[in-house]
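Asker: Listed below, chain by chain, are the residues.
Protein chains: 2
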Amino acid sequence: MSTQTRVTAGLLVIGDEILSGRTKDVNIGAVADFCTDLGIDLTEVRVVSDVEESIVEGVNALRQRYTYVFTTGGIGPTHDDITADAIAKAFGVALPINAQARAMLEARWKETGTEVNEARLRMARIPEGADLIVNSVSAAPGFRIGNVHVMAGVPVIMRAMLEALTPTLKGSKKVQSLTVKAAVGEGTLGGPLAALQNEYPDVKMGSYPQMGKDRVMTELVLRSSDEALLAEAGEKVRAMVAAAHAKAGIAPPDGE
Amino acid sequence: MSTQTRVTAGLLVIGDEILSGRTKDVNIGAVADFCTDLGIDLTEVRVVSDVEESIVEGVNALRQRYTYVFTTGGIGPTHDDITADAIAKAFGVALPINAQARAMLEARWKETGTEVNEARLRMARIPEGADLIVNSVSAAPGFRIGNVHVMAGVPVIMRAMLEALTPTLKGSKKVQSLTVKAAVGEGTLGGPLAALQNEYPDVKMGSYPQMGKDRVMTELVLRSSDEALLAEAGEKVRAMVAAAHAKAGIAPPDGE
Chain A
1 MSTQTRVTAG
11 LLVIGDEILS
21 GRTKDVNIGA
31 VADFCTDLGI
41 DLTEVRVVSD
51 VEESIVEGVN
61 ALRQRYTYVF
71 TTGGIGPTHD
81 DITADAIAKA
91 FGVALPINAQ
101 ARAMLEARWK
111 ETGTEVNEAR
121 LRMARIPEGA
131 DLIVNSVSAA
141 PGFRIGNVHV
151 MAGVPVIMRA
161 MLEALTPTLK
171 GSKKVQSLTV
181 KAAVGEGTLG
191 GPLAALQNEY
201 PDVKMGSYPQ
211 MGKDRVMTEL
221 VLRSSDEALL
231 AEAGEKVRAM
241 VAAAHAKAGI
251 APPDGE
Chain B
1 MSTQTRVTAG
11 LLVIGDEILS
21 GRTKDVNIGA
31 VADFCTDLGI
41 DLTEVRVVSD
51 VEESIVEGVN
61 ALRQRYTYVF
71 TTGGIGPTHD
81 DITADAIAKA
91 FGVALPINAQ
101 ARAMLEARWK
111 ETGTEVNEAR
121 LRMARIPEGA
131 DLIVNSVSAA
141 PGFRIGNVHV
151 MAGVPVIMRA
161 MLEALTPTLK
171 GSKKVQSLTV
181 KAAVGEGTLG
191 GPLAALQNEY
201 PDVKMGSYPQ
211 MGKDRVMTEL
221 VLRSSDEALL
231 AEAGEKVRAM
241 VAAAHAKAGI
251 APPDGE
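Sequence order for the protein chains is A and B.
The opening residue of the first sequence carries number 1 in the UniProt record's numbering; numbering runs sequentially from there.
The opening residue of the second sequence carries number 1 in the UniProt record's numbering; numbering runs sequentially from there.
Source of the hints: derived by calculation from the structure; they are not laboratory data.
Treat the hints with care, since some could be wrong.
Just so you know, same-sequence chains aren't split out, so a pair can sit in one copy or run between any two.
Listed below are the simulated DMTMM-like cross-link pairs for lysine to aspartate or glutamate, each with C-alpha atoms no more than 25 Å apart in a straight line [as the list claims (entries may be wrong)]:
{"#": "1", "residue 1": "K24", "residue 2": "D41"}
{"#": "2", "residue 1": "K110", "residue 2": "D37"}
{"#": "3", "residue 1": "K170", "residue 2": "D16"}
{"#": "4", "residue 1": "K236", "residue 2": "D131"}
{"#": "5", "residue 1": "K24", "residue 2": "E235"}
{"#": "6", "residue 1": "K170", "residue 2": "E17"}
{"#": "7", "residue 1": "K204", "residue 2": "E17"}
{"#": "8", "residue 1": "K173", "residue 2": "E17"}
{"#": "9", "residue 1": "K110", "residue 2": "E227"}
{"#": "10", "residue 1": "K170", "residue 2": "E232"}
{"#": "11", "residue 1": "K174", "residue 2": "E17"}
{"#": "12", "residue 1": "K174", "residue 2": "D131"}
{"#": "13", "residue 1": "K236", "residue 2": "E199"}
{"#": "14", "residue 1": "K24", "residue 2": "D37"}
{"#": "15", "residue 1": "K173", "residue 2": "D50"}
{"#": "16", "residue 1": "K170", "residue 2": "E186"}
{"#": "17", "residue 1": "K174", "residue 2": "D81"}
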């Protein structure tokens, strides 16, 4: 046994749709894989319904026991999305509209001509003292407060948020990640990306389409504990994306 | 709102392999669907590792809160299968070899020439005062003690055990089930069974192969809240199986 302190995690899956069977959860497996990759022991999972006291009780039980807590679900625009309310209550803090979250949302809405209304602005309510977790897919951010990481329930958005958390989490394995932005869709990138994933099995490659953008955008996130291998695979992915851009006759996206 | 008392359930999923991501759970969704069909509100799920105190704590928390508790996993022959030990501890009862469970196992082992050894006999250890839950697939039984139903983790076995529980559970919907035994395999029955499932969407049809039998056997379980429809679908399934037997030139199995 190592003398290293064990890094542990608890996961709270929030949503009536999982408990009724209408939606089959895939986030438990994705969080489990992610934790294993980072050398974090996922020690307990709870699934609770969209009831404030159940969420408060679950998150308070888990955050006192484990190094990290992750939650999935209940941060959308509808009346039964009460995770932010419950987390604010669990921590005893207010839940104001967060200026940075509002700006992120409004920037995406402006691109798509989406109306700003009260329901949508619910997604900008963030507990006081929390940091935002960037959502590359649909803009509405998650947040971190204390050791609790609040994420979306939609699997692709949840995974994109997990990838965004990589640099902030310290497991027993040192893992690094890099992001490559593409201005073409997953249909174009899927084939060559799968070939590169086969070539580099020790580099995890994920693909995250940006929803609600006026221009197709895909973020490719690569993650590995082998820094040299990550850099090498990153170069190949960049070259693959550049070739796809050239073939489509489009300029690369900002920041690349 | 109805004045009827809500019938609730908690599910405890037991197994390191789920928390590490090596195995992706599908039992939560299957139990959720089953509960919804019977009008039982699955209210909470917990996933815990193969650690006795975690299982004891989980089952004690859930059994005090909910009408029914289901557990999956940890009842096999290996050293880390400690669910029976933990449940006996949670209820403060002994864990002797159960004569009926031993007889079920030995009957199946005799058919296949499987050696009786200490590891395999672990599966006959049943908490004192528990009733057995029949396992049509691989013989090793689950058990019910108080309101707690202890089932296997292998999905097809877990689902067969759930079906076996149907007559003993009282949800808000009255559901009945019937079983048709076949002496041919799932490969033969799959096509015509799918066609009948399409014809009777309100009758759930499941197929459970009997493992470790010297002769191929499949149990088909039909479940519905519509008694007349269930009987009608049952007749068609029986006719389909009889035709498959005739085509294969084999006698129907005992009891049919």
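Asker: It remains to establish, for every hint, whether it holds in the given structure.
Answerer: The hints, checked one at a time:
1. K24 / D41: For K24 and D41, the Cα distance is within 25 Å both inside one copy (23 Å) and across copies (16 Å).
2. K110 / D37: Neither: 37 Å inside a chain and 44 Å across chains, both beyond 25 Å.
3. K170 / D16: between (32 Å within a copy, 21 Å between copies)
4. K236 / D131: Neither way: K236 and D131 sit 33 Å apart in one copy and 60 Å across, limit 25 Å.
5. K24 / E235: neither (36 Å within a copy, 32 Å between copies)
6. K170 / E17: between (32 Å within a copy, 22 Å between copies)
7. K204 / E17: between (29 Å within a copy, 20 Å between copies)
8. K173 / E17: Classified as between; 19 Å across copies, 34 Å inside a copy.
9. K110 / E227: Answer is neither; intra-copy 38 Å and inter-copy 56 Å both fail.
10. K170 / E232: within (24 Å within a copy, 60 Å between copies)
11. K174 / E17: Between. Shortest inter-copy distance 23 Å satisfies the 25 Å Cα cut-off; intra-copy 35 Å does not.
12. K174 / D131: This pair counts as within: shortest intra-copy Cα distance 23 Å, inter-copy 49 Å.
13. K236 / E199: So K236 and E199 pass the 25 Å test inside one copy only (10 Å; across, 51 Å).
14. K24 / D37: both (23 Å within a copy, 15 Å between copies)
15. K173 / D50: Classified as between: cross-chain Cα gap 23 Å, same-chain 34 Å, threshold 25 Å.
16. K170 / E186: For K170 and E186, neither the intra-copy (31 Å) nor the inter-copy (48 Å) Cα distance is at most 25 Å.
17. K174 / D81: Answer is neither: 35 Å inside a copy and 32 Å across each miss the 25 Å cutoff.
Checked against the numbered hints above, the structure breaks hints 2, 4, 5, 9, 16 and 17 and satisfies the rest.
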